[in-house]
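Trainee: Sequence:
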Amino acid sequence: MRKFILLFVIIFFSACENGEPWKNSQLIEPDELSKIINKELEQPMIISIGPAGLIKNSIEIGECRFPENLAKLNDRISGLSKNSDIVLYCGCCPFKDCPNIRPAFNLLNDLGFRNHRLLNLSTNLKTDWIDKNYPIIN
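Its first residue numbered -12, the sequence shown is counted upward by one per residue in our numbering.
Hints listed in this document are in silico derivations from the structure and should not be mistaken for laboratory results.
Some clues are possibly wrong.
[Stated by the list, open to error] Straight-line Cα separation of at most 30 Å, DSBU-like style, residue types lysine-lysine; simulated pairs:
| # | residue 1 | residue 2 |
| --- | --- | --- |
| 1 | 59 | 83 |
| 2 | 113 | 83 |
| 3 | 113 | 26 |
| 4 | 10 | 119 |
| 5 | 113 | 10 |
| 6 | 119 | 22 |
| 7 | 59 | 22 |
| 8 | 69 | 59 |
| 9 | 69 | 22 |
| 10 | 26 | 69 |
| 11 | 113 | 43 |
| 12 | 43 | 69 |
| 13 | 43 | 83 |
| 14 | 10 | 26 |
| 15 | 119 | 83 |
| 16 | 10 | 69 |
| 17 | 69 | 83 |
| 18 | 22 | 43 |
| 19 | 43 | 10 |
| 20 | 59 | 113 |
| 21 | 26 | 119 |
| 22 | 10 | 22 |
Kindly generate the complete structure, drawing on both the sequences and the hints.
Mentor: The structure is reproduced here in structure tokens:
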């Protein structure tokens, strides 16, 4: 019986992974995205869901904690293939406290997108991107 309970607990926590709407495998590190942008490889659709769209090649939607911006995001991605390569980012504040990333990521989950990721800006956009001289909009 103990083995069964232990197995259940392990499976349950594995399924929950991190308690967030994304899996750890759906996080992309800043250095990885900057390499993609700099090498001009096939580019993902990079979408700013925060107060400032500063990353090179990004599309600015606005803060997705506001329903009108979440609707704007929905309109922007509505015609895309569910397999589209999409990277969302905010960077307004520490990742764990961000009010914009969860609503936006949940929207893509709910719409059935399968290849969307979240830029892992653990501190903020300035510290994790700009201060490292990663590509920004000129």
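Trainee: For each hint, tell me whether it holds in the structure or not.
Mentor: Hint check results:
| no. | hint | verdict |
| --- | --- | --- |
| 1 | 59 x 83 | holds, 24 Å |
| 2 | 113 x 83 | holds, 16 Å |
| 3 | 113 x 26 | holds, 22 Å |
| 4 | 10 x 119 | holds, 26 Å |
| 5 | 113 x 10 | holds, 24 Å |
| 6 | 119 x 22 | holds, 12 Å |
| 7 | 59 x 22 | holds, 28 Å |
| 8 | 69 x 59 | holds, 18 Å |
| 9 | 69 x 22 | holds, 24 Å |
| 10 | 26 x 69 | holds, 25 Å |
| 11 | 113 x 43 | holds, 14 Å |
| 12 | 43 x 69 | holds, 24 Å |
| 13 | 43 x 83 | holds, 24 Å |
| 14 | 10 x 26 | holds, 26 Å |
| 15 | 119 x 83 | holds, 21 Å |
| 16 | 10 x 69 | holds, 17 Å |
| 17 | 69 x 83 | holds, 27 Å |
| 18 | 22 x 43 | holds, 12 Å |
| 19 | 43 x 10 | holds, 25 Å |
| 20 | 59 x 113 | holds, 25 Å |
| 21 | 26 x 119 | holds, 17 Å |
| 22 | 10 x 22 | holds, 22 Å |
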